[in-house]
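Put chains B and C on the given structure of chain A with help from the hints.
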Amino acid sequence: MTPLLTPLVSGAAVAFWICAPLMVIGALGMVLARKAVYSALFLALVMVCLAIQYAAQDAPFLFVVQIIVYTGAIMMLFLFVVMLVGVDAEESFVEVIKGQRVASVLAVLGLVILLVAGLSRTFVTAPVGLEAANASAGGHVEGIAALIFGRYVLAFEACAALLITAAVGAMVLAHGERITPRKDQTSRAAERMAAYAATGAHPGPRPNSGVFARHNSIDTPALLPDGTVAKESLSDVLVMRGPSADPNELGVANAAVHKEIAASTEGEDD
Amino acid sequence: MTLLDTLTPVAPTGLFTSAWLMIAIPLVVAGLLLLAGKVTNAWGHLVATAASISAFVIAALLFVDLLGRDAGQRAVGVPLYDWITAGSWTIKAGLLIDPLSILFAMLITGVGSLIHVYAIGYMAHDPGRRRFFAYLNLFIAAMLTLVLADNYLVLFLGWEGVGLASYLLISFWQHKPSAATAGKKAFVVNRVGDLGMLMAVFTMLAMFGSSSFVDVNAGAASLTPFWATMIGIFLLLGACGKSAQVPLQSWLLDAMEGPTPVSALIHAATMVTAGVYLVVRSHEIYAHTVTAQLAVAIVGTVTLLAGAWIGCAKDDIKKVLAGSTMSQIGYMMLAAGIGPEGYAFAIFHLLTHGFFKANMFLGAGSVMHGMHDDVNMRHYGALRKYMPYTFITFAMGYLAIIGFPMFSGFYSKDHIIETAFEHQPVLGLCALVGAGVTAFYMTRLMLMTFFGEKRWAQGVHPHESPAVMWIPLVLLAIPSVIAGVVMNAWIGAWLAPAVGAEDPHLHWYPHLSLIGIVTTLVVAAGAFLGWWLFGRGPIPAAVPYTSNLAIIAGRNDLFGDAFNENVLMKPGQAVTAAVTAVDKSVIDGAVEGSAQLALGFGAGLRRVQNGYVRSYGLTMIVGLFVIGLVLVVGRLV
Amino acid sequence: MNSEAYVILAAILFAIGVLGFLVRRNALVLFMSVELMLNSCNLLFVTFARQWGNLDGQVASFFVMVVAAAEVVVGLSIIVAIFRTRRSASVDNANLLKF
Numbered sequence: 001m002t003p004l005l006t007p008l009v010s011g012a013a014v015a016f017w018i019c020a021p022l023m024v025i026g027a028l029g030m031v032l033a034r035k036a037v038y039s040a041l042f043l044a045l046v047m048v049c050l051a052i053q054y055a056a057q058d059a060p061f062l063f064v065v066q067i068i069v070y071t072g073a074i075m076m077l078f079l080f081v082v083m084l085v086g087v088d089a090e091e092s093f094v095e096v097i098k099g100q101r102v103a104s105v106l107a108v109l110g111l112v113i114l115l116v117a118g119l120s121r122t123f124v125t126a127p128v129g130l131e132a133a134n135a136s137a138g139g140h141v142e143g144i145a146a147l148i149f150g151r152y153v154l155a156f157e158a159c160a161a162l163l164i165t166a167a168v169g170a171m172v173l174a175h176g177e178r179i180t181p182r183k184d185q186t187s188r189a190a191e192r193m194a195a196y197a198a199t200g201a202h203p204g205p206r207p208n209s210g211v212f213a214r215h216n217s218i219d220t221p222a223l224l225p226d227g228t229v230a231k232e233s234l235s236d237v238l239v240m241r242g243p244s245a246d247p248n249e250l251g252v253a254n255a256a257v258h259k260e261i262a263a264s265t266e267g268e269d270d
Numbered sequence: 001m002t003l004l005d006t007l008t009p010v011a012p013t014g015l016f017t018s019a020w021l022m023i024a025i026p027l028v029v030a031g032l033l034l035l036a037g038k039v040t041n042a043w044g045h046l047v048a049t050a051a052s053i054s055a056f057v058i059a060a061l062l063f064v065d066l067l068g069r070d071a072g073q074r075a076v077g078v079p080l081y082d083w084i085t086a087g088s089w090t091i092k093a094g095l096l097i098d099p100l101s102i103l104f105a106m107l108i109t110g111v112g113s114l115i116h117v118y119a120i121g122y123m124a125h126d127p128g129r130r131r132f133f134a135y136l137n138l139f140i141a142a143m144l145t146l147v148l149a150d151n152y153l154v155l156f157l158g159w160e161g162v163g164l165a166s167y168l169l170i171s172f173w174q175h176k177p178s179a180a181t182a183g184k185k186a187f188v189v190n191r192v193g194d195l196g197m198l199m200a201v202f203t204m205l206a207m208f209g210s211s212s213f214v215d216v217n218a219g220a221a222s223l224t225p226f227w228a229t230m231i232g233i234f235l236l237l238g239a240c241g242k243s244a245q246v247p248l249q250s251w252l253l254d255a256m257e258g259p260t261p262v263s264a265l266i267h268a269a270t271m272v273t274a275g276v277y278l279v280v281r282s283h284e285i286y287a288h289t290v291t292a293q294l295a296v297a298i299v300g301t302v303t304l305l306a307g308a309w310i311g312c313a314k315d316d317i318k319k320v321l322a323g324s325t326m327s328q329i330g331y332m333m334l335a336a337g338i339g340p341e342g343y344a345f346a347i348f349h350l351l352t353h354g355f356f357k358a359n360m361f362l363g364a365g366s367v368m369h370g371m372h373d374d375v376n377m378r379h380y381g382a383l384r385k386y387m388p389y390t391f392i393t394f395a396m397g398y399l400a401i402i403g404f405p406m407f408s409g410f411y412s413k414d415h416i417i418e419t420a421f422e423h424q425p426v427l428g429l430c431a432l433v434g435a436g437v438t439a440f441y442m443t444r445l446m447l448m449t450f451f452g453e454k455r456w457a458q459g460v461h462p463h464e465s466p467a468v469m470w471i472p473l474v475l476l477a478i479p480s481v482i483a484g485v486v487m488n489a490w491i492g493a494w495l496a497p498a499v500g501a502e503d504p505h506l507h508w509y510p511h512l513s514l515i516g517i518v519t520t521l522v523v524a525a526g527a528f529l530g531w532w533l534f535g536r537g538p539i540p541a542a543v544p545y546t547s548n549l550a551i552i553a554g555r556n557d558l559f560g561d562a563f564n565e566n567v568l569m570k571p572g573q574a575v576t577a578a579v580t581a582v583d584k585s586v587i588d589g590a591v592e593g594s595a596q597l598a599l600g601f602g603a604g605l606r607r608v609q610n611g612y613v614r615s616y617g618l619t620m621i622v623g624l625f626v627i628g629l630v631l632v633v634g635r636l637v
Numbered sequence: 001m002n003s004e005a006y007v008i009l010a011a012i013l014f015a016i017g018v019l020g021f022l023v024r025r026n027a028l029v030l031f032m033s034v035e036l037m038l039n040s041c042n043l044l045f046v047t048f049a050r051q052w053g054n055l056d057g058q059v060a061s062f063f064v065m066v067v068a069a070a071e072v073v074v075g076l077s078i079i080v081a082i083f084r085t086r087r088s089a090s091v092d093n094a095n096l097l098k099f
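Protein chains in written order, with my numbering: chain A, 1 to 270; chain B, 1 to 637; chain C, 1 to 99.
So that you can see chain A by itself, here it is in the shape it has in the complex (with noise of 0.2 Å):
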C-alpha cells in the first residue's frame, strides 16, 4: 500500500531524536544522583531506551531481550543489593582524592572529543540494512538462531558454562560461612536453664503476639493474665519502626460483645 505522503522523517529517527536526550540525562543522572535507588532507576530508564533504539534498529531480537534480561533481571538484581546494602545510605560528595573531580572531567572529555573524532568519519556510504540478511536466512530469528547454533556454538556452550559457574559462584559467595558452630537443641535448653538459674530469665518461649477478631499481624502484642500488655511479644524492630497496635483498644470490640454474651446467657446455669 503506497502512502499518500511520504513521511519526512523516518520512525527510526523520530524514535532516536527522543530517546537520545531522553538516555543522556538517565545517564548524568545515574552518575550524579546522590542515592544508589536513584541511580539504578535512572540506569533501568537508559536500558528501556536502549531497547527503542534496538527495535529501531531492526533488531526486535535484542529490542526484547534487552527488556527481559538486563532491565528486568540484571536491573532488579541492582536494587535487591541495593535494599540489601542499604536504601538510605547516603553517600557523601566529598571527594577524598585530590586532583579526582577534576582530572576525570578532563580525561572524559577528552575521551569523547577523541571517540566522536575518531568514529564520527567512518561511514560513508548508507547502511545497508538487514533485509537481505533477514531473507537470506528466512527470517529474523532464524537468522540469528542459525548464527548462535552455527557459528557461535562453540561461544553459545561456553556462555553455558558461564553462566551455570556464576550461579554456583554466586551460591558460594553469598553463603556467608558460621563463624562460631550451630547451637544444637540440647546445649540451647541447657543454656535456657542455666539463665534461669542465674537470672530468673523466663526458660519458656516467648509468647505470641496477640490475636484479636480482625488483627493476625506481628504487630499486635500479647496480653498477659493481668490485662497489661507483654513486652516480649513484640518485635524490636517494629517498635522503632512505629507505634504498634494497642491492645486495649483492639480489645475493646471483644469486650463488648462479651458483656452481650453474658447479659444473654444470665439466666443459664447448667
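Hints are computed from structural coordinates only; laboratory data are not their basis. In this text, a Cβ means the ideal position worked out from N, Cα and C, and glycines have one as well. Treat each hint with caution, since some may be false.
Short derived list, chain A residues pointing at chain B, Cβ under 8 Å [said to hold, decoys possible]:
1) Q100
2) A103
3) L111
Using the frame of chain A, we list chains B and C on its own:
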C-alpha cells in the same frame, strides 16, 4: 786506575754443585720449625744451630777450595734452574761463588752460628724461642741468597727475604707496641730503598735484557753516562735503605727493640752490610759514572758523622752501638764510593766490623742479661769486677773499633782514611774527625758501663753470663784482635780480581804514614776527652738538662723522625686524605647519587600507588586517551 | 537514519559511564557505570550490524548481554559479602595496596 776484567765464572765441580745446600738447609729447618710448631719446642733451637753450623762448614770448605785455585779460576758459577721465562726473556736462578761472595758467606754463617749458640742461652727463658730460631735460620738462608746470587733479581729475592726476617725479628716480642711499631718502621723505610733497587733492576733489564752480573758487567761500558748515573743512584738508594744510611737511617735505632742476638746478627754484622755488598758488586757500573761514585762517598761521609753524633748523646747502650754501626757503615760506603782502590778496604772494614760489632752487641746483651734487661747506662757502673769475661771481650771490641794500634779496626779504618785523603781531602778530613768522635763516645760507653761507681737499681745483682753466652764472646773477641794482622796482607790481592782493582800489595804490619800517625793522635785525643768528661766525676742518674743544641739534636736522632714526619708523612697523609675525600664525595657521590636519584624518582613515582581503585581507573583512562590520540592523529584508525 | 548519530550517542554514553566510574565511591554505582559502558558497546554492535547488513553484530550483542549478566551476578554477590564484613560499600576502603 786501570780496571782489570772481572772474573768470568767457571763451571762448578765437586762440592760447588751442592753449594745451594748452604741456603737450603737453613731454609728447610726454618720451615720445619714454623710448621711443626710446639712439637719441636724442645729441640728446635739445637737443630737450627746445627743447620747454621753446617752451612758454615760448607762455606769453609768452598773457601779452602777457592784458596787452592789460581786467581783467574776463582769465580764459580752454579746454575740452578730457569726461574722466569717470559717471551724473549729468561731469568735463570743461579749462584756465583767468587772471592767476594765467599767472604760474605763465611762471615754470615760463622758469626751467625756463634750468635745461634749465644741465643740458646740468651733466649732460654723465652717461650717463643723455637720461633726465634726459625726466624734466625730464615734470615741466614735469605742473606746467603743475597750474597751468593749471580743476578740482581735473585739478589733482590734475598734482599726482600732479609727485610722480612728483619721485620719478624725486630717485632719478635709483638705484644710490645714499641716493638711492633719498630718492625713496621723498619719495613716501611726499607721499602723506599727497595724502590730504588727495583728501578735499578728494571733499568738493567731494559738496557741489557738480563740482570745477571756477567751481562751487566759486560754491558756497562755501553751505557750512556746519564743511565749509568741513574742506575748508580738507584742502587745507592737501595743500599741506603738496607744499610741505614742518610736519608733512610731512621729505622736502625728503633730496631734495637728486637732481642740482642738480632741486633748483633742483623743490625751489626750482616744485613746492614748488604748495601755495601751491593755497591761493591756493581763496581762495573760505578766505574762508568763519577757522579754516582761521588754521591756514594758523600752519603757515606754524612752518615759516618751523623751516626757518631747520635752515638754521643744516647744513654741506651744498644742505641749507642746502633749509632756506631750507622757510622761504621758510613765508612764502608765512603770507601766504596772512592772507587776501585777503596773496594777492598770497604770489605776489609766490613769483615772486621762484623767481628767487633757483633762482639760488642753480644757483650751488651750479656750486660743486660746481668742487669735484668735494663739498657740504661746510667744504671750501670763498675761492672768490670762482676762480669769479667764480658768486660775483657767487650774491651777487645772497644779497642778494635777506636782503632787502637795492631787491633783489627786499626788496619781497616786507617786504610779508608788514607784512601779518602788521597781521593778527596775534604772527605778524608771528615773521616778523620769521625774517628775521633768514635773514640769519644765509645770511651764514654766503656766508662759508664764498666767503670765508675755502682749506680744500680734496687735488687739488681749483676753476675756473669753462663758459658753458652760468654764462649761466643771470646770466639768473637779473638778475630777482633787478630783479624787485622791476619788479613791485611792478603785481602787486597784476594779481592782484586772480583772487584776490578789492582793488588795493593800490603803487609801484615801497618805501613806508617803521616795520616796514620795523625789518625792515632786524633783517636787518642777523643778517648782522652771522653775520660775527661765522663771518667773523673760521678755520672748523674737522671738525664741532665742541657740547652746545648748539639746535644739536643743528638738525643733526638738529629730530628730524623721529625723530618720524616713533617716532610714526608704529613703531606702524604694529606694527599691520602684528599684522595679519600674525593673518592667519597665525588666518585661515591656520583655512584650513590645516581642511586639516590633513582630512589628519589621512585619515591616520587610511587605516590601514584595510593591504593584507590578510582585513581588507577583514571590512570587507565588517561592512558587510553593518549593511545587513542596517537592512533587517531596518526591516521592509523 | 544514518549510523553516525548512534555512534556518537554510544560514545557519549560510554564517556558518561567512565565518568561515573571515576567519580563515584559507592561500589554499586560503580558497577552500574560499568553496565552503562557495556550497554553503549551493545548499541555500537547493533548499529554496525545494520550498517554492514550483517547479523553477527547482533549475535555479539546477545553474547555481551549474557556475559554481563553472569558478571553482575558474581560481582554483586562479592559486594554483598564485602558489605557483610565491612558494613560499608565504599570502594575507597579497599586501599591497602598503597605505597
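These are the hints, each one checked on the structure:
The criterion of a C-beta within 8 Å of any C-beta in chain B is met by A/Q100, whose closest approach is roughly 6 Å, and the hint holds. Because the beta carbon of A/A103 sits about 6 Å from the nearest beta carbon in chain B, less than 8 Å, this interface hint is met. Interface restraint check for A/L111: the shortest CB-CB distance to chain B comes to about 5 Å, inside 8 Å, so the restraint holds.
Checked against the numbered hints listed earlier, the structure breaks none of them; every hint is satisfied.
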